[in-house]
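**Q** First to last, the sequence lines map onto chains A and B. Going by UniProt numbering, the first sequence opens with residue 1, and the numbers climb by one from there. Going by UniProt numbering, the second sequence opens with residue 1, and the numbers climb by one from there.
Don't take every hint at face value.
Claimed, not checked - So the derived list for chain B, only partly shown, Cβ under 10 angstroms to chain A, looks like this: (1) GLN58; (2) GLU65; (3) LEU84; (4) PRO96; (5) LEU102; (6) LEU110; (7) LEU112; (8) ALA122; (9) LYS124; (10) GLU128; (11) CYS138; (12) ALA159.
No lab work stands behind these hints: they were computed from the structure. In this text, a Cβ means the ideal position worked out from N, Cα and C, and glycines have one as well.
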Amino acid sequence: MLALRLARGSHPLVLMRRLLVAAASAGVGFLLLCTLGYASGHPAHSAGSVLRLLWCFVPLAATVQFAVAVARTDPSTRPRAGLSAVGLGPVRLSVLAAVSTAVSCTLGSMVALLFFLHLRGDLSGLPFDGAAAGLLGAGAPLPLAAALVLLTLVPAAAATASAMALRTAPPRATGAPEDADDLLPEEQIPAPAAPPAGLPWGVALTAAGLAVEAYANRGSTGSAFPLPGKLDSTPAWVLVGWTLTAIGLATAGPGLTYLCGRLLQAVRPGAVRLLAGRVLMNEARRIGRPLGVVCAVLSAVIAAFALYGTGPRPFGPLTALGAVLVIGCTTATLLTSALEARQARAETARALLRLGAPASALRAATALRAAALLLLFAPLTWAIAELAALPLTA
Amino acid sequence: MVAPPDNDVIWARSLQHSHNGSPALGGVSLGIRDGEILAVTGPRGSGKTTLLHCLSGQLVPQQGEVWFNSVPVHTMGPRLRERLRRDKFGWIAPEPQLVPELNTWENTALPLMLRGTGRREAKKAAMEWLERLDIGMCARKRPHTLQQSQRQRISVARALAAAPSVIFADEPTATLHRTDRAHVLRTLTSAARSHGITVVLATHDAEIAALADRVVPLLDGRRVATVALPAEADTEGRAACSLSV
């Protein structure tokens with residue numbers, strides 16, 4: 001109940017983020033139910049059903065990542081003096097975060113179930129002249145227990161992940177009260193984050209992934225990499241290669257971001273370059289991982305377009321929904337992490353403004369950070385996409 | 001609008017301000033002469049910080065006027081006030097408020113660098129002040145590795161290095177022990193006197209206020225003659241209690 005009460009009083013933007021989580025959860029729930037519908041409608045094609053189910057885990061992982069990022073930025077789940085005084089410590093707050101994440105994800109799952117049943121015609125006849133009947137396996141009855149299990153996947157995974165993320169997160173300094181007449185206890189300056197160490201591993205994993213994928217395609221015939229609707233060869237090794245590449249990029253992301261910040265503040269920096277570079281170095285871990293994931297997703301999308309973009313019917317509606325979910329969730333996660341970094345630095349920014357730092361200088365530093373990251377990651381994404389598509393098109 | 005007297009570097013007339021309806025300042029007027037050290041005293045919640053915010057242009061008073069060197073501050077736009085704070089004012093807060101990502105000399109040189117001074121020149125000025133405040137050996141350390149008193153001295157050096165004409169110090173020694181407190185205050189006041197910098201010092205401590213040339217006592221947002229409060233509330237019916245530590 002406390003989760004709901006806190007949610008009711010929160011800022012519209014916070015509610016908007018929660019609604020986006022609910023929407024993503026609805027999308028994933030819908031995809032999972034479609035897989036179930038396909039499986040119950042085509043009992044003979046069990047391999048195809050399993051492949052579809054496995055593909056659903058990509059948007060599911062993206063949604064869970066987004067839900068965790070939203071839970072971390074939610075002001076109602078941050079350690080606060082007011083709640084700490086009434087006995088809500090970090091543990092209870094992580095439970096609170098898990099509950100509110102579960103609530104928004106369950107809301108999405110319910111919407112997905114209703115929408116799915118409506119499209120199948122189980123509620124009030126077939127809408128749209130039964131256009132979606134074949135896709136959703138309208139004829140076959142839906143096993144209720146399986147549907148419920150699939151629908152609880154997203155809320156359970158997201159709630160567990162956000163509770164664990166908030167349990168392990170370092171306690172954040174609470175914001176100073178506006179009234180500086182109240183003398184504050186000694187200021188605790190958090191130690192800056194250590195430079196991330198994953199860069200060599202990330203590069204190695206990415207290279208290994210690309211190599212596995214290229215090796216798997218030697219001498220194969222037909223389309224080496226089927227999207228869920230197309231089942232003409234086994235994509236196992238290609239998938240392993242792409243997964244390795246994606247993990248490698250996510251591991252290398254913080255290291256690359258740190259490097260970027262280091263280069264930005266090198267060689268006699270002025271105030272703006274100094275602030276931009278040092279902050280980027282400090283926030284490398286927070287920003288770098290979602291940035292690496294976005295980079296991996298975008299390179300996969302570019303590669304997929306290079307392979308299938310020219311065909312008459314490149315992908316079906318459900319693949320499109322999944323792709324939109326993955327791209328949307330990873331991008332939203334990146335933006336939410338940037339917001340979290342901004343929240344963590346709000347106190348320093350206020351102190352700088354008090355010194356008379358022009359607001360335009362702070363904005364320039366932010367823009368410089370974004371530009372530097374874009375300059376590093378855009379060519380990287382493109383290069384990885386080209387390398388990934390090369391063995392498949394040759 | 002009456003033009004202020006010429007010999008005052010800052011001149012304020014009947015400042016009134018309230019935070020979300022709760023009154024903070026109720027008609028405070030004062031003039032600050034060039035090069036003097038002025039202490040604003042009073043207990044907590046008497047409006048010292050709000051007064052300093054108004055005088056330094058961080059806050060526009062709801063009523064009243066603030067003039068700096070015969071230029072009205074209360075009619076300036078936010079951009080001009082920001083520029084005024086950057087070029088003419090220094091600010092020392094109760095907490096050091098350093099940028100955790102920058103090392104000591106970079107923190108100290110930051111106001112100069114924000115003004116557009118060259119890196120070498122800014123570093124030279126910063127190092128000079130750090131040496132004078134006995135923290136030259138920490139110049140390359142990050143704030144989280146230093147003690148609170150060292151951080152507060154960096155904050156003082158940061159305010160002094162930019163060579164402002166007025167330094168506003170809001171309870172600059174509130175979080176320090178007595179020995180560190182004396183050191184920080186002595187360096188601040190002696191540096192201000194030798195460089196002709198005006199200092200406005202908010203404090204609730206009579207001992208600190210004794211270092212100033214002049215004292216302006218505030219009580220509940222008004223200027224009073226003295227802040228000698230009536231003695232402790234009656235302890236009638238309560239046994240004398242002692243606390244052994």
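**Q** So, for every hint listed, does it hold in this structure?
**A** Consistency of the hints with the structure:
1. A distance limit of 10 angstroms between C-beta atoms decides the matter here; for GLN58/B the minimum to chain A is near 6 angstroms, and the interface restraint holds.
2. For GLU65/B, the interface hint is violated, since its Cβ never comes within 10 angstroms of a Cβ in chain A; the closest pair sits about 21 angstroms apart.
3. At a threshold of 10 angstroms, the smallest CB-CB gap from LEU84/B to chain A is about 8 angstroms, leaving the interface hint in force.
4. Of the supplied interface hints, the one on PRO96/B holds, with its beta-carbon coming within about 7 angstroms of a beta-carbon of chain A, less than 10 angstroms.
5. With its C-beta approaching chain A no nearer than about 6 angstroms, LEU102/B sits inside the 10 angstroms limit, and its interface hint holds.
6. Restraint check, LEU110/B versus chain A: the minimum CB separation of about 6 angstroms is within 10 angstroms; hint holds.
7. The closest approach between the C-beta of LEU112/B and any C-beta of chain A is roughly 9 angstroms, which is under the 10 angstroms cut-off, so the hint is satisfied.
8. Using the Cβ-Cβ criterion of 10 angstroms, the hint placing ALA122/B at the interface with chain A is satisfied: the shortest such distance is roughly 9 angstroms.
9. Checking LYS124/B against chain A by beta carbon gives a least distance of about 14 angstroms; that is not within 10 angstroms, so the hint is violated.
10. Annotation: GLU128/B was flagged as interfacial toward chain A, and the flag is violated, the nearest CB pair being 19 angstroms apart, outside 10 angstroms.
11. Taken as an interface hint, CYS138/B does not check out: its beta carbon lies about 14 angstroms from the nearest beta carbon of chain A, beyond 10 angstroms.
12. About 9 angstroms separates the beta-carbon of ALA159/B from the nearest beta-carbon of chain A, less than 10 angstroms, and the hint is met.
The structure fails to meet hints 2, 9, 10 and 11 from the earlier list, while all remaining hints are met.
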